[in-house]
Every structure is written in structure tokens, then in C-alpha cells.
Amino acid sequence: MQPLYVDTSRNYADALWSKDQQRALAAIADAIISPLTSQEKDAFLRGLASEERARAVAYADMKFTDLPDGINLVAMHVTLTVSYTLRLLLSTLLSALSTRAGCLALMGRLGPVWQLDGPTIRRFLASWRSSPIQKIRMGEFGFRALTLAVFYRYMTSAAEAIGYPWGPTDDWKTPPKAAKQEAIPHFEYRFLNEELPSTPTDAPVDLHTDVVIVGSGCGGAVVAAYLAERGLKVVVVEKGIYVSPDDMPQTQSFGLDQMFERLGFVPSSNLSVAILAGSGFGGGSTINWGATLMPRHYLREAWSKKFGMPYFQSSLFSQDLNACARRMGTTDDITHNRANSLLMLGAHRSGQPAQVVPQNNGHLPHYCGKCTFGCTAGHKHGTVMTWLQDAARHGAQFLTNCEVDRVMMDRGRATGVEATVRGQRVRLHGRSGVVVSAGSLNTPAILLRTPALRSNHQIGRHLHLHPVAFVHGFYDKPVRPWQGAALTTVSNAAEIVDPEGWGAKIEVMASAPALYCALLPYHDHVEHKSLAFRYPYSYTAIVLVRDRDGGRVKLDQWGRALVEYSLSAFDHKSLLVGVKRAIEIHMHAGASMIATSQNGVPVYTCPPKPDTDTNHHEMESLPGRYELDDVPPQGQAEHPSFQAFLHSVERVGFGPLRGAIGSAHQMGSCRMGAHPSSSACDPQGRVRGAHNLWVADGSVLPEAAGVNPMLTILGTSMGIARHMAETLGVARPQDPTPSHAAPRAHL
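Going by this note's numbering, the residue at position 646 of the sequence shown is 656; the numbering climbs one at a time, nothing skipped.
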């Protein structure tokens, strides 16, 4: 395995903050994650089974600073993830809280803050949550989110105390209702890194090829395979690392640190949304949840007509989608875990339209709950298992740990890229052109750092994120949400909030303590620990909005991608409808408690279930195979208290910093279309204002896909690759062409 991409051993804290600032942060963090008093502990332990009490006692006594090097890990996240403005805000607040006067102004007590007790600190942090001053709300949200995410990511004993088994999973070996499974032997990739100087030199290293492809995810991999199979020399550069299946520990700490963009936490400039994005060999396909959904018919029609892209409504696009689905071995022959079983049950009982979500499993059962941190079985057929292997077998070469700065241009023509590989400057020259497939955050950043493209004002605009709200359901029987395939069912009940196809999907979140605990509602430390301890008895439904109104990618002080995005009033309506449908799913599925990710909405305790016989044959009428032999009794959705809870959720809403909003899908920041005034790329994926420069990834999608976009990106990228082959003179006679498939299908 290559050296770690993120070095957790560095002293980030001393480089970022003074000792007093670090001491202030420790006081705040220990107030957020605090030991329970004797009285609180008695209530916390009451009613627990004997096998749970030992774990609960240890967990009740934990505080943030029990985590070794915890302050340094928070400093690492601030250094590597947040914008300059947010870093300055947090540092300013810590400086103020380190003084008597500053603490008095912010917390109503003479300081410094470490002289205040936990209850006092928590009381004033709670007041910050409802402050009319946005920066104060941002400060509280930042301290709380960083504290919870870091503690539950790195504190192994805390994750295990709430029931999460640390380390790699082997549930895929013995999937329910299927034969024992074996791992697929991994492909032996070779990397150009071995040919670079062992010690960085002053002079850059020059590498030459036909086509340079920046990024190894769903866009770059498809283009690499397509062009390499037609005889072009291809080099794929990837800024992340390659981790072979044998070396994947499947831990939160390694997975999020090494295989996700900026440690798995890319906040928008105003902290309104936190973004998950892949960053490693295979891109998002290595760490995504395997959902392989076709784009909806109304979306294809809209993209064809609104953006002058008839390809999207053509039979050729259908062929591309189907070809990609076949290459991944997509199947809906799935045994669903308990979380997805409960979602399907609740949707069925409440009359919601729901369906099985096909998986890119290579026709295997793939009952693997932790492959969001990398698939050790090789059953998830992302690009590492498919197109990158195809490209390698046809001579493509690969370079990892490669940070691309900009595209090299010569009189309007792209000739290569300038990059750095572990301190070594590298120039990769592409005789035939350059493809930027670095994802919807980094593709526009690379293009914005290229001076010759400054006239293209559409680069970075029209960013769509599929903003996500979270609805937690707690059950009386174990759910163990980390087991089995993460996302295999979907409710479409809120899909059409607006007649033009804007709305929300309801799915199941791939679960791990770092994400789960950071997304739980936080009203006080006691309730939060109580909810976290019920982790094995819960699952989180996600409400994924097809956002009409987008944001923008710009460059920050250091030239990195900076996301500007706020949920619009129009998209907020879709979110609220989806959240209410998700709450109804939990209620009908028999949850005992329900919680949203909103501030100011109390956790709802469901009324007792009616004393009636449960229909244990309900699951037999649903599509797929379900792990739910003990079917919970249906909840009382008509109960007045439940209706009041729904009203409170709608009343509070999800305004700025009023609730946690996430994103795992980024699209549209280099939109493709026929109209120069609204698209950064033309209908063939070429960057406007440049020759021999293409984009092929989620950033070219005209709008939000409305479904998990992996398959849409793959199919679109195949269309772009086909056009490139025609332009570069390497198309095969048997290749389908737009004229064969549909009139005027540009790609």
C-alpha cells in the first residue's frame, strides 16, 4: 500500500492555534461530549440489558478529551477542509473565549471559558443556535459538528461502546439466503509513480502521451477505456491514492481520511451544507453506495428540449446507459438488510410508491455493509473493477497522488496539465488533448485556475448538490444499520412535488458512527448520548432533493474549490414534503422514536402500538428478499401527537443552520448545452473557448439528476468518449453514431 495521502501525525494544532485557543476548544468540546453525572447515569442505565450495561457505563463516563490527540485532529480538519473565512471565524471565537472580556461578551460570564463549568458552556452554546447573528450560529454549528464527527470517527472505544464493530466486515462472505461467497482476486495495477525521482528535483518531470485524463471516477475511467481500446495512448492522473482490496481496513478513520475529498467533510462557504465526495483511485465509484438507477423519462425530455441536447432523449443514450449497467453487472436480485426492509415495509403500509434499487454487484449478492470505506470483496463493480482494468489491458497508464494545478494551453489549444506529485513538479503533455474528469468540485477549480479560460464565465456555475435531510427511526428490535448493502430501496412518494419533476427521493443512509452521531439532533449531552447508544436499534432515512436552484464553485484563498450554495425556498418545499414522507415511513414501519436533523424539534416518542396481531406475511407481497422475519406492528399515524409532530417539523423547517443538510452528489458546475450563454461546455463536452479540451464527469450534467447519478454520469461520459474518438480519428466502423440512433443526437 502506498503512503497515506493524509498525514494524521502532523502537528496541526500548534500551527493553527495558540495554547490558550486550544485550551478553549478543549473546554467547549468537553461540554459537548461530557461525562454524565451520577443521577444522569442512573437514568441512562435504567432498563438496559445486562450485556449492554458494561458498554453503557464506560460510554457514560467519556468526554471529548479522552480521545488521544483530539484537539490536533480537529485542527487537521479545520486546516484541510474549511474555507479561509470559516477558519478565521473559529480562530477568532477561540481567541475571544480565551479572555475574560471576550468570554463575558459571548457567554455572559467572566472567562476564560475553561474556568466555566460544562452546564454553563452548554447553556450558552444552545443560545448561539438561535442567535440572530449568522456568524454566531455558524460558530456553534462548526464547533459541534467538528467535535462530534472527530470523536466518533477516531475514538474506537466510543464507536464500539454504542455497538458498532470496528474493523473490516465479513458479512459479505455469508449473505442471507445465498451461497457462501469468495472475494474476487484484485487486478495488479502498475503506476507511473515508480518512474518519478525518489527525491523531488528542481526541474519538472515531463511525461508524454496522446490524451491526459484528470480523474479516475465514473467519467475519466469510461473515457480512458474507450480511447485506449481504440489505440490511443492514455495517462490517467488521480490526486488520491490507490488502495488494493487486501489493504482496505474498512475503518471510518482510514476510509474518510484517505478515500474522501477533504477528509469526508467539504462545507459550503456558509456551512449550510456538508458535502461527501470521493477522492481516490476510482473516484466516487470506490466509496459510493452502489445504487444504479436510470435517469427518469421526464428528466431526459427536459434536458433534450431545454438545453438543446437531443442525445439525452435518443435511443443512443439508452444504449449507453444499458451498456454501462451491463459492464457493472447491475442486478436487482438483492437480499435487503433490515434498514431497507423497514423502509420498504413503511412505504408499503403508508401507500407510498417504492421500488428496489439495482446494485452494480457483478451479479453477486454483495451483502457488504462497510464498502463505503472500500470493498474488500471486489464485488462492488466500480471503475476500479471495470473500465480502469479495461483501460490498463489496452496500455493505459496511471499516476496517483497527482494534484493538478491547471491545464496547459497554447494559442487556445489544450496541450497537457501541470501538476505536483508529492512535491515533484510534473508536466503531462497530451498530443491529442486533455479530458478533465475531476468531479463537480475539482473540475471547475482546475479550469478556473487556467488563465486562458477566464473568458468562459459559465465555469463553476449551476452547481447542484441533491441536498439531503436526515430522519432517524429507533426501533424495539435490532436493526444493525451497518450490515448488508446500504441502499437497495427507494420511496418515490415525494418525487413530483412540482409538476415539472422537482421533488425528493427517500432512501437509506450508509451508516457509520462518525456520520450518524454528527447528524443526530443535539439538544443536550445526555439526550445525545442516549440516542447514540440506541444506534444498533436505528436506521437513518435520507431525503434527497432534486434541486432546481443551484449554487456555484469558486476559488478560495488557496486556489481550492469553494462551494457557495444555499437551499432555495422552492427546493425547501421539496425537502419538507420528503421529510414528512420519511417520518411517515418510520411511523408505519413500527418505530418507537423518530428524530429529524433539525434544531428545535424535540425527539418524538411514538404512542403505544395497538394490541393487534401483526401480519407476518406482509413482506411476501413486496418485491425482493427481506431480512425481516419479526415484522413490527404498525404505528398509529392518525394519532394527534403524531400529526402535531409533523406540524412542528414543517413549522421549524430547514432554514440556514437550523438543521443538518448534507450532500453526496455533485453535478452541473461545467454544464453541457447548446447555448453558450448558459453552458460551460458544448453538446459534445468540449470546453467553450478551447480546442482539444473536454470535460467528462458529473459536472457536465445540465441539471440535478434526481436519482443517484452514477449511471447517468457513466452513460453521458460514454457519449463524450464516442465524440472524442470521432474527432481524433480513431472511431471504429462498428461504433454506433448519432446518425444511426436518432436525428441530431449531438453526442
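None of these hints come from the bench; they were simulated from the model. This structure is a prediction, so every number in the text was calculated from the model and none was measured. Fair warning: there could be bad hints in the mix.
Within a straight-line C-alpha distance of at most 20 angstroms, the following computed SDA-like cross-link-like pairs (lysine to any residue) qualify [claimed, not checked]:
(1) 590 to 574
(2) 315 to 558
(3) 316 to 685
(4) 187 to 373
(5) 73 to 538
Report task. Would you list, in rising numerical order, the hints stated earlier that this structure does not obey? Result -> 1
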